[in-house]
Structure formats: structure tokens, C-alpha cells
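*Asks:* The listed protein sequences derive, respectively, from chains S and L. Each residue of the first sequence is one higher than the last, beginning at 1 in the numbering used here. Each residue of the second sequence is one higher than the last, beginning at 1 in the numbering used here.
Treat the hints as calculated values from the structure; they're not laboratory data. One thing to keep in mind: the hints can contain errors.
One-sided and incomplete, this derived list gives chain S residues near chain L with beta-carbon spacing under 10 Å [as the list claims (entries may be wrong)]:
1) E62
2) E67
3) C68
4) V69
5) H75
6) A78
7) A89
8) T92
9) I93
Heads up, simulated BS3-like pairs for lysine-lysine below, C-alpha to C-alpha not over 27 Å straight-line [said to hold, decoys possible]:
10) K41(S) <-> K69(L)
11) K41(S) <-> K26(S)
12) K26(S) <-> K314(L)
13) K69(L) <-> K26(S)
14) K26(S) <-> K85(S)
15) K85(S) <-> K314(L)
16) K41(S) <-> K85(S)
17) K69(L) <-> K85(S)
Label pairs and their computed distance ranges (CB to CB) [claimed, not checked]:
18) A30(S) <-> R174(L): 54 to 62 Å
19) A15(S) <-> I48(L): 32 to 40 Å
20) Q16(S) <-> G315(L): 31 to 39 Å
21) S239(L) <-> R96(S): 35 to 43 Å
22) T181(L) <-> R96(S): 51 to 59 Å
23) P299(L) <-> P20(S): 39 to 47 Å
Note that beta-carbon positions come from the ideal geometry of N, C-alpha and C, so glycine has one too.
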Amino acid sequence: MSDGGVIASETLLCAQSDVPEGGAVKIELAGRPPLAIFNIKGTFFVTDDTCTHGEASLSEGEIDTDECVVECPWHSGAFELSTGKPCGAPCTIALRIHRFALHDGGIYLLD
Amino acid sequence: MNRIEIVDGAGFSCAEGDTLLRAGLRAGLGLPYECNAGGCGTCKVELIEGAVESRWPEAPGLSDRDRRKGRVLACQSLPTGDCRLRLRLDPACIPEIRPERRKARLTGMADITRDIREFRFAAEGPARFRPGQYAMLSLPDGTERAYSLSNIANADGASHFQIRRVPDGRMTERLFDAAPTEIMLDGPYGLAHLQPGARDVVCIAGGSGLAPMVSIARGIAADPADARRVHFFHGGRTSADLPGEGWARTLTGLGDRLAYHAAVSDESVPGLAQGFVHEVLAAWMGDRFDNYDYYCAGPPPMIQALETLLVATKGLPAGRVRFDRFF
Ligand SMILES: Cc1cc2nc3c(=O)[nH]c(=O)nc-3n(C[C@H](O)[C@H](O)[C@H](O)COP(=O)(O)OP(=O)(O)OC[C@H]3O[C@@H](n4cnc5c(N)ncnc54)[C@H](O)[C@@H]3O)c2cc1C
Ligand code: FES
Ligand code: FES
Chain S
1 MSDGGVIASE TLLCAQSDVP EGGAVKIELA GRPPLAIFNI KGTFFVTDDT CTHGEASLSE
61 GEIDTDECVV ECPWHSGAFE LSTGKPCGAP CTIALRIHRF ALHDGGIYLL D
Chain L
1 MNRIEIVDGA GFSCAEGDTL LRAGLRAGLG LPYECNAGGC GTCKVELIEG AVESRWPEAP
61 GLSDRDRRKG RVLACQSLPT GDCRLRLRLD PACIPEIRPE RRKARLTGMA DITRDIREFR
121 FAAEGPARFR PGQYAMLSLP DGTERAYSLS NIANADGASH FQIRRVPDGR MTERLFDAAP
181 TEIMLDGPYG LAHLQPGARD VVCIAGGSGL APMVSIARGI AADPADARRV HFFHGGRTSA
241 DLPGEGWART LTGLGDRLAY HAAVSDESVP GLAQGFVHEV LAAWMGDRFD NYDYYCAGPP
301 PMIQALETLL VATKGLPAGR VRFDRFF
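Sequences and hints are given; from them, build the entire structure.
*Replies:* Next up, the structure:
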């Protein structure tokens, strides 16, 4: 996913150093739903920030680094970060995951 | 009586035998929930202090991760003393009508399809609930399940249910084989109830999901200020699962403001659309999805297919699509 390739339509989300290990940040870009960037032991994941079950921000959720899972701060539903698949009730709809590139110390959105 | 405190929030009292969830709702607090039956996982809370006994320790709404982190399902938890909980209240869950327990007696039964039967009960005092809500029915032996009301609020205390017999089902075998003359009724519960709106309404019932959709259609018919039309989609395996258009029009009182769309999944019947109800809905709808507000009731896989279609694919805002999952 993070192939480092340079693509014409990439958007800088933030610096890699802005996302602490085991943590997440929320990024808001004009004209699209907010995104969340997770750092699991140095590997990044970019997903939609809003839970598919309700109006809650996943970047404020609990992150299980060993399982690579984020838990929603509202009803503790859970998603696999690598696939977006729901893995804990009450979430049933997959979370959108986004392609990105890493270069020059930045995280760039590819779609 | 146990005292329950919410971290950074209100407190409430929980009577002997009551669950954390129901006691909180009875006190007028917006404790998050959906099914009241251990299935959905919306009522998870973190138990900070105190202890609870679970009515159903293996309930599917709780994952191993949840158990490891000390979370419990408020809808299955009976406190054994004072407790402190961490949870985020939801204003949308504040009950408009506070749920109450009362005795009700059986006043009648009638078969609707080969395996759905209407059970009618009456209790003292008025029956207060919103179209589409449900009640918890319990038998003298303590077996308890959630059932949606199929009628609408009334002064006579009448509560009607349309219940599908589940082979070897603990509750339904008892209800169908030896209906008790008296039961306990606890309600109303549920958030998937009728809302005012300007758009026409689509009701989608699958399998046993008939009752709340009938109640919603009746609620529209009973309100002289409500001129909405209802498209009633009803899915079954075969035509024997579907009582038909005449039945729906008469029962709901909507007459020709109701259009009945049958869908059968396991049988080919001339004149009936074949497929799952979400497929039949999509084929009929074409590009008109935005013209309607939606109410859906039935088994979780059907609801998931509808949620994927209506919210994830068609982008309808969550507030315009109400789901009632029958766990
Ligand atoms: C909100 C809601 C509304 C519903 N409305 C209707 C309706 O209008 N009509 C209708 O026919 N059905 C309805 N149901 C389904 C109904 O509640 C029962 O699940 C169904 O009748 C089968 O019950 P059973 O005991 O016969 O079957 P069983 O197979 O014995 O049990 C079925 C369900 O009971 C629950 N359960 C199992 N073990 C336990 C336990 N130890 N403690 C607590 N719960 C347990 C589980 O949810 C399980 O899926 C509704 C369900 C919900 C959640
Ligand atoms: S809002 Fe995320 S689990 Fe409910
Ligand atoms: S409300 Fe408790 S699991 Fe659904």
C-alpha cells in the first residue's frame, strides 16, 4: 500500500512524525469526510475517521496494537485497520480504508 | 435497591431483578442500546466498581476483547451491589415514554401465515408506545424475549404481537403450544419508531419483521394530519410466508395509500417478484431512492444487506433509515 510511488493526484496529509506510535490523528480535508491516520509499530494505516455505526471519531478510540484493531470510543465496536472489516459489535459495515504513499517524511493520500 | 453511578454523569437506582440498562432508561437516562437482548453490542459499558451477574454470559454482543477489558452488556447485567460505570450517554436513547413492567392477560390469537401468529394481550391502564417499538415478554418460568408491537397506542391497554414460530425455540414453542393466560410485559423499548416526515415511507419487513412495519403503517393511517403513502415490501421464502395485499391494506387501515410489494426468495410464483427483499426493492426503486424515508425490520443478515444498500451504497443519511434487527 505504501509503495512510495509518485502519483500526480497525491495530497499531503501530515508528517509521519505527527502520528505517534500506537496513536492516531484526525485529518480534515475540504470536501470529504475526515480521515484517521494510525501508527501501529511504525506501520501506518489511513481510514475514514467516522465510525460506520454512529457519529464518533475513531482517532479518539482505543488502539490495540497487537491485534491491529481500533475500538470506537462510543459503543466499543471494532475494526481491523488493515482491511476495515468490522470485528466487534455493534459495527457491521466496513470502514473505508485509503491508499497512501510515504516519502520525504510525509504521508500522502492517493485517492 | 442498588445505586448506580455513571462516571462524569448522573446516577440512578436499580431495583432488585432489573438490568442496568432498563433501570437507567426507567430513570429517564439515555443509556445507549438497541436490542435489549444481548445481540447488538450497543449497550456495552465499562464496569469501574462493583459487580454484576450476567443473565447471559455467552451473549454474542460481547467479544472476547470486550470481556478482557472488563466491559459488560448493560442489557444483560443484574447488579449485585452499588456500581460505577463508564459509558457515553446518547440523547437519542432517552425514552419518550418510560418503560414499565406490568401483567397482561391473553385475550386472543389468530394465525396470519403458516408460522406467524398474532397474540393479543391486555393490561390495566392505557398502552403507551410509539409505532415500531417493542416490549419484553416474559413467561412465568422467567424465559424472556423481545417482541415488536403490531398495533398502536390505545386507551384499552391492548398490546398485539405477531410472532413467528422458531423450531425448537425456547420461547416460541411455549407460546405456540401452551400460550400462558398471563404474562409479564415490559416496555416500550426501541428507537426504530415512526418519525414525522415529508417524504413517503418505505417499510421493509422480512420473515418475522412484520409486526413493527404493520404498526408504523397503522400509525400513519391513524394520524389525520399524516398524508404519507406507504410502500410495504414484504419478503419471505415462499408465498406461504406472505399474507398478501388485501390483508395488509385492511389491517393497516391505509386502503389505497398502501402499495404492497411481495418478494419470495425460494420459489418462482407468477406475478410475485423473486429474490431477496433488498434486491426486489433495488429493482423497483431504480434511481428514486432519495424520494423516501425507510423503516426496516427482520433478521440481522437482511438488515445488513439493506444497510449496505441504503446507507453505504446509496448514501442516505442514517437518520432517514431506521433499522430494527431481530436478534
Ligand atoms: C428488538 C427485537 C424485536 C423482535 N420482534 C419480534 C417480532 O415482532 N416477532 C418475532 O417473531 N420475533 C421477534 N424478535 C425475535 C424474538 O425476540 C426471539 O428471538 C424469537 O422469537 C426466537 O425466540 P425463541 O426463544 O423461540 O428461540 P431460541 O432459538 O430459543 O432463542 C432465540 C434468541 O433468544 C436469545 N437468547 C438465547 N439464549 C438466551 C439466554 N440465555 N438469555 C437471553 N436471551 C437468549 C438470542 O437472541 C437468540 O437468538 C425480536 C427480537 C428483537 C431483538
Ligand atoms: S458509533 Fe462507533 S460503535 Fe457505535
Ligand atoms: S442492547 Fe444490549 S446487546 Fe443489544
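*Asks:* Does each hint hold? Answer for all of them.
*Replies:* Here is how each hint holds up against the structure:
no. : hint                           : result
1   : E62                            : holds, 8 Å
2   : E67                            : holds, 7 Å
3   : C68                            : violated, 12 Å
4   : V69                            : holds, 8 Å
5   : H75                            : holds, 5 Å
6   : A78                            : holds, 7 Å
7   : A89                            : holds, 3 Å
8   : T92                            : holds, 5 Å
9   : I93                            : holds, 5 Å
10  : K41(S) <-> K69(L)              : holds, 22 Å
11  : K41(S) <-> K26(S)              : holds, 18 Å
12  : K26(S) <-> K314(L)             : holds, 26 Å
13  : K69(L) <-> K26(S)              : holds, 25 Å
14  : K26(S) <-> K85(S)              : holds, 20 Å
15  : K85(S) <-> K314(L)             : holds, 20 Å
16  : K41(S) <-> K85(S)              : holds, 20 Å
17  : K69(L) <-> K85(S)              : holds, 21 Å
18  : A30(S) <-> R174(L): 54 to 62 Å : holds, 59 Å
19  : A15(S) <-> I48(L): 32 to 40 Å  : holds, 37 Å
20  : Q16(S) <-> G315(L): 31 to 39 Å : holds, 32 Å
21  : S239(L) <-> R96(S): 35 to 43 Å : holds, 39 Å
22  : T181(L) <-> R96(S): 51 to 59 Å : holds, 53 Å
23  : P299(L) <-> P20(S): 39 to 47 Å : holds, 43 Å
Violated hints amount to a single one, hint 3; each of the other numbered hints is respected by the structure.
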